[in-house]
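Q: Take a look at the letters that make up each chain.
Protein chains: 2
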Amino acid sequence: MISNKLILVTNDDGIFAPGLKALVNIAKKYGEVVVVAPNSPQSGMGHAITINQPLRIHKVQVFEGVESYECSGTPVDCVKLAKNVLLKERTIDLCVSGINHGSNASINIIYSGTMSAAMEASLEGIPSIGFSLLDYSFDADFDAASGHIGGLIENVLNKGLKECKLLNVNIPKLKKQEIKGVKVCCQSEGNWIEEFKEGKDPRNEIYYWLTGQFVCTDEREDTDFWALSHGYISVVPSGHDLTVYKAISQNKFLEE
Amino acid sequence: MISNKLILVTNDDGIFAPGLKALVNIAKKYGEVVVVAPNSPQSGMGHAITINQPLRIHKVQVFEGVESYECSGTPVDCVKLAKNVLLKERTIDLCVSGINHGSNASINIIYSGTMSAAMEASLEGIPSIGFSLLDYSFDADFDAASGHIGGLIENVLNKGLKECKLLNVNIPKLKKQEIKGVKVCCQSEGNWIEEFKEGKDPRNEIYYWLTGQFVCTDEREDTDFWALSHGYISVVPSGHDLTVYKAISQNKFLEE
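Note that the protein sequences, when read in sequence, are chains A and B.
Take the first sequence: its letters are residues -15 to 240, numbered as in my numbering.
Take the second sequence: its letters are residues -15 to 240, numbered as in my numbering.
What the hints contain is simulated information worked out from the structure, not anything from laboratory work.
Only a predicted model underlies this, so the values are computations on that prediction, with no experimental measurement involved.
It cannot be assumed that every hint is accurate.
Derived DSBU-like pairs: lysine-lysine, alpha-carbon spacing no greater than 35 angstroms straight-line [stated by the list, open to error]:
(1) Lys43/A to Lys184/B
(2) Lys236/A to Lys12/B
(3) Lys236/B to Lys(-11)/A
(4) Lys230/B to Lys167/A
(5) Lys157/B to Lys236/A
(6) Lys167/B to Lys146/A
(7) Lys236/A to Lys167/B
(8) Lys181/A to Lys(-11)/B
(9) Lys72/B to Lys181/A
(10) Lys5/A to Lys230/B
(11) Lys13/B to Lys236/A
(12) Lys230/A to Lys146/B
(13) Lys12/B to Lys230/A
(14) Lys236/A to Lys146/B
(15) Lys5/A to Lys181/B
(16) Lys43/B to Lys184/A
(17) Lys72/B to Lys230/A
Please take these sequences and the hints and turn them into a complete structure.
A: Have a look at this one:
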């Protein structure tokens, strides 16, 4: 039964991404869905906003029976336009972002357009969840975890979020029966080992193209990385505060 | 006396911004400076990275006696290229980003290209500091706080950072003698009240242009917002972990 709740759905892979379609199909079981998504892929846009040029929104027919808009900006722009223009007169009860093609566990929350959209919603006071599946392929299986995704959406819609502002949810690339369940855990530490592919363009000018590999440097067993590599869906309750409180007392942040 | 330390200087306002020049002039008192900065303004780019197109770097003569490069990408791209291409064979002892024209206190750390560059350096294991002055004007007075900025650079270069990964430093728009000193504090809570200016382009198509006003919603007296509005330079020891730990124990994040 559809409630009278309003759910904003967005992503960073763009309005035609299969992961968005999968998320719309799950979310519409729990309330009225409005989609506002980028008109082009926006992976790696982090929390970028568009301030130096105008933004465009167009109503589109992509999902049957679901009001949908494509936007010329970043994932964060989509959320700002939804909240302040398209749905200005209404209360958005939940924002869900994704399902992203690829992991946003660990420090990838910082680079991710998917998670930045969820973060922006939470900064605007809307409970939010970002979903990512550890599978980059176009025909990734978004169905395996659909029950868990629905359960999280239903829970946050009905109960709201306490203490934290948003959830970073990552799903292992496993069959439905192989997924062991959901683990609430912390963000693991890690970093990217970058490599730039150097090349020459047709005019013989040198260019550099970013590539790299994520390495988890965290051996704790209560992290998202651990949960994912042991068959669990990871849920990291997240916030906006980057302060390291234990470094605050005068000059404690300097090594002696 | 110049040490043998290597300092990477970058920003988000672009290689010709007066704030970058001011920071280069301070930093070069404490070590060898290399500048890698965007070739165009990149405010509000957050932690965006460029993955779908190639990047260009050009050596430029902008600062006397200082090796400098302009880059076609975002502030985070600049840091990645500095670390992995331009200065690949060397150890970067410190990265400083700024001096930004405008505040990056409170949640603005999340939107800021300046702070994302510092954040990226810290993710790559380089101690880093982002500096911002609460003055948007092109002829802002970057000299008033130069002694404090130099002191912070010298301290972090000599002592390193403990517990935290980077410092978010904001400077009030005051005369030198009016600045009361430095306060180590936490990130305040706040949000942007957005407004989109709706307009029509020459082809009669509607566009939306982002504008807005930051509102601090935090009444605590140990925050960056409090420090700045009371005449202090704010220093927030910051990290990468967005986990809200007190929400972690099973289902604690859901309101009952």
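Q: Now, for every hint given, state plainly whether the structure supports it.
A: Against the structure, the hints come out as follows:
1. Only pairs whose Cα atoms come within 35 angstroms are accepted, and Lys43/A paired with Lys184/B is accepted, the gap being roughly 17 angstroms.
2. Simply put, Lys236/A and Lys12/B have alpha-carbon atoms about 26 angstroms apart, close enough for the 35 angstroms limit, and the pair holds.
3. A distance of roughly 23 angstroms separates the Cα atoms of Lys236/B and Lys(-11)/A; the hinted pair therefore holds under the 35 angstroms criterion.
4. Straight-line distance between C-alpha atoms of Lys230/B and Lys167/A comes to about 15 angstroms, which keeps the hinted pair within the 35 angstroms bound.
5. For the hint linking Lys157/B to Lys236/A, the alpha-carbon distance of about 27 angstroms falls within 35 angstroms, and the restraint holds.
6. At roughly 31 angstroms between alpha-carbon atoms, Lys167/B and Lys146/A fall within 35 angstroms of each other, so this suggested pair holds.
7. A distance of roughly 12 angstroms separates the Cα atoms of Lys236/A and Lys167/B; the hinted pair therefore holds under the 35 angstroms criterion.
8. Taken as a hint, the Lys181/A and Lys(-11)/B pair is honoured in the structure, with Cα atoms around 29 angstroms apart against an allowance of 35 angstroms.
9. Between Lys72/B and Lys181/A the CA atoms are separated by roughly 14 angstroms; this keeps the pair inside 35 angstroms, and the hint holds.
10. Simply put, Lys5/A and Lys230/B have alpha-carbon atoms about 34 angstroms apart, close enough for the 35 angstroms limit, and the pair holds.
11. As the CA atoms of Lys13/B and Lys236/A are separated by approximately 25 angstroms, the hinted pair is consistent with the 35 angstroms bound.
12. About 10 angstroms separates the Cα atoms of Lys230/A and Lys146/B, which keeps this hinted pair within 35 angstroms; it holds.
13. This hinted pair checks out: Lys12/B and Lys230/A have alpha carbons roughly 31 angstroms apart, not beyond 35 angstroms.
14. With a C-alpha separation of about 7 angstroms, the suggested pairing of Lys236/A with Lys146/B holds against the 35 angstroms cut-off.
15. Of the supplied pair hints, the one linking Lys5/A and Lys181/B holds, its CA atoms being roughly 31 angstroms apart against a limit of 35 angstroms.
16. Straight-line distance between C-alpha atoms of Lys43/B and Lys184/A comes to about 17 angstroms, which keeps the hinted pair within the 35 angstroms bound.
17. Distance restraint check for Lys72/B and Lys230/A: the Cα-Cα separation of roughly 33 angstroms lies within the 35 angstroms cut-off, and the hinted pair is therefore satisfied.
When held up to the earlier numbered hints, the structure conflicts with none and fits them all.
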